[in-house]
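2 protein chains.
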Amino acid sequence: MSDRYIDFANSSIGHRVVGALGLPSPVRLERWQAGRLRPIEGALLIGGGPLAEKVSTLANRLTDTIYSYGADPTLATAWIPGHGQKLKAVVFDASDLVQVDQLKQLREFFQPLMKNLDHHAHLVILGRAPETLSDPFAASTQRALEGFSRSLAKELRSGGTLQLIYVGEGAEDQLEGPLRFFLSPKSAFISGQVIRLKACEAQVMDWTRPLSGRKALVTGAARGIGASIAETLARDGAEVILLDVPPAKVDLEALAARLGGRGITLDICAEDAAAQLIEHLPDGVDIVVHNAGITRDKTLANMTPEFWDAVLAVNLNAPQVLTKALLDSGTLRDNGRVILLASISGIAGNRGQTNYAASKAGLIGLAQAWAPLLSERGISINAVAPGFIETQMTAHLPFGVREAGRRLSSLGQGGLPQDVAEAVAWLAQPGTGAFTGQALRICGQSVLGA
Amino acid sequence: MSDRYIDFANSSIGHRVVGALGLPSPVRLERWQAGRLRPIEGALLIGGGPLAEKVSTLANRLTDTIYSYGADPTLATAWIPGHGQKLKAVVFDASDLVQVDQLKQLREFFQPLMKNLDHHAHLVILGRAPETLSDPFAASTQRALEGFSRSLAKELRSGGTLQLIYVGEGAEDQLEGPLRFFLSPKSAFISGQVIRLKACEAQVMDWTRPLSGRKALVTGAARGIGASIAETLARDGAEVILLDVPPAKVDLEALAARLGGRGITLDICAEDAAAQLIEHLPDGVDIVVHNAGITRDKTLANMTPEFWDAVLAVNLNAPQVLTKALLDSGTLRDNGRVILLASISGIAGNRGQTNYAASKAGLIGLAQAWAPLLSERGISINAVAPGFIETQMTAHLPFGVREAGRRLSSLGQGGLPQDVAEAVAWLAQPGTGAFTGQALRICGQSVLGA
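If you read the protein sequences in the order shown, they are chains X and Z.
Residues are numbered in the numbering used here as their position in the first sequence, beginning at 1, plus a constant of 553.
Residues are numbered in the numbering used here as their position in the second sequence, beginning at 1, plus a constant of 553.
Don't take each hint at face value.
The list cannot tell twin chains apart, which means a pair is met if one copy fits it or any two copies do.
[Unchecked claim] Straight-line distance between alpha carbons at most 20 Å, and here's what the computed SDA-like set of lysine to any residue pairs gives:
(1) Lys657 - Ser578
(2) Lys877 - Asp836
(3) Lys851 - Thr947
(4) Lys877 - Ser564
Just so you know, the hints here were simulated from the structure itself, not pulled from any lab data.
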């Protein structure tokens, strides 16, 4: 399960060998450690348009060291290029750029920073979603941010990441949750992504235990990514209910005991699965994570009906049926969170995975289509789409496939189950209602896409 | 400009060497030859839901040999698995699949065909755009088609391609134009794409000279892809007006003379460019192809203001300004066609191309935002996004970059300028109004994406 090449490239000898041979030198990413309090350990630089002030008002909850650059100098200490003040986090508001000529502000703002970024720096650009703008030139200009952001994300080194967040009309007050996530090591393996925030009701949150008082159901929780999700939700204060198939009972119960939660063994494809599940959740549930999933890979020419049916039943039909039952029965409470584990295969497609990719694309479509209807009850529904994650499954891939999966990304490595778990835990927070109907890729900006 | 590896892999010795060593063996793609009449030279198989009948009514204009499979057997001769009837084209209507369980029809339909596809077979799956469906499960099921299609496209061999076409409510009568393109060699280098058709007014068309009587302006037309576009538009009957910068005057005039059109030398970034252009087009224009574009690559850390400004001015600002002027002055006529040359970089981003990717993403955003407004006048606006195309520019790339660009795609090779030109010529047709506001990738299903 470990990436020995990263171990080697980051050893003192390996570092020199890799450098001399011109090989890729992926850094060991910085991850969130339990007990840490501040999202940013280092300096945050804020600049750009009107939302910069908004960010400034919450910045002191993110870090102690705040600089401003190019924006209203009263916001914070001015950052001076060439003074060597290293930056751990950067937020630039580009939301008021509406003409092509104004895009040069991107170059003017970011260029001086590029040589002053700390290791594992996290950058965020704020904009307005093009589809919400009536002027085609303004929409075009805001869409240009996407090309800029994805390119600049590919130029970052030393574990740096960059996201573009399109802030919807009325969503300006929803920035704290996303910034706490995307400017911190919780999003270490996410880069080059475009995120949309929509207006929603604000939620009071305890940021140190963001899931306190919330009940979370995780399917496929006995091991791997599911277990990591359960641990992370518990770390953040949730009461966890772990579900897996009967053969996994021993592992499941052990994990549940360790996390102070409980286990449910259940075949999610059984005729009476929904009824059984509702019975197991008499007090309701706030968070549902559909993590259970299987692969049965074959090219379509050799795909058996059993392989096709099993993957579609477990990966797509069960989440549909169970979520609907939880909703209809009132088991899933208002302001609930539904998180579907999709995959990069559901976006890009993959040879040998017509069944799997169909199921995962279906989950992305489910989130997108259901979100507007569920928002009336304050419920969000999203998909996460992991890229190459270091698990027992990927450890058994052939060498070439595994290395390609790891290196063909901006971060030059695979992610860890924790990276997926952090994203799920973030989406599970009461304060992320502005993010709904979307697919969040967790892929180190893999080159694979559609 | 030639891909010597393809030459080698398709020679009699090379074929054996490549096979023995397990190297990639990209086939030489079949392209459209001037003078050809039928879109499909071989058998077309039709199956699936209610749109299959719609397709059957126009099928005899596409080819002589029509089979049906799994659909109403009165539609055409039944295709029988195992009888060795090779298929050159396939259309499957999946638009009525609304439940997960029904998706198995995809496996049932396509599996028997996979070993009976002819070389350079072109496949199309029809569906309904998820965002237009009110039932979340139906939307999810239709979105699943995307994962299936992109995966199956990656499993095709021998130059096979596959697209998913989402047919909008009321767009059922707009299928002939898209099928003529996507089932023919005109779309040889397009695969794994998702296309959306919207309802629009039907146009009477002469399919043998689809641009007859139309005036087309092409910028950057003196050489490369621009010249190829001009030639293809002229081949299809358009009267071409070629624009390029003054230094390209000799080449431009020569090409214009050969194509029976005329040349305009003009700096599209000049203050009075729009006024000059309108003066040159007293009789109006039906088709505007914004092909002129430049690269000035540098990482952002080293990007000069001049490099930034030049790329944004030529690639994004000029198309915005000129198109608006052509519209406002009435020079661009009703039922006009605007085609913007974007790039895969504008979708995926690219290291060293923050300026270029921003400009190309901006063009994609321009098409998307402007399309609904222009549709009132019957005008469509689209972007095309070429991937790796064999040109003088790519011929000078370093070996590794060039080979990666060529091979990291389902078709395992770069495209030709003709491939871009065919897509542009298709989008320029009066009968493609149903396709608007989109970015059509011409990339051989490159793995590069977002």
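For each hint, the structure was consulted:
When the C-alpha separation of Lys657 and Ser578 is checked against a cutoff of 20 Å, the pair qualifies neither within a copy, at 32 Å, nor between copies, at 44 Å. In this assembly of identical chains, Lys877 and Asp836 lie within 20 Å of each other by CA distance solely inside one copy; the values are 17 Å within and 60 Å between copies. Only within a single protomer do Lys851 and Thr947 lie at most 20 Å apart by alpha-carbon distance; the minimum there is 17 Å, versus 36 Å between protomers. Proximity of Lys877 and Ser564 under a CA criterion of 20 Å is satisfied in neither setting, with 51 Å inside one chain copy and 58 Å between copies.
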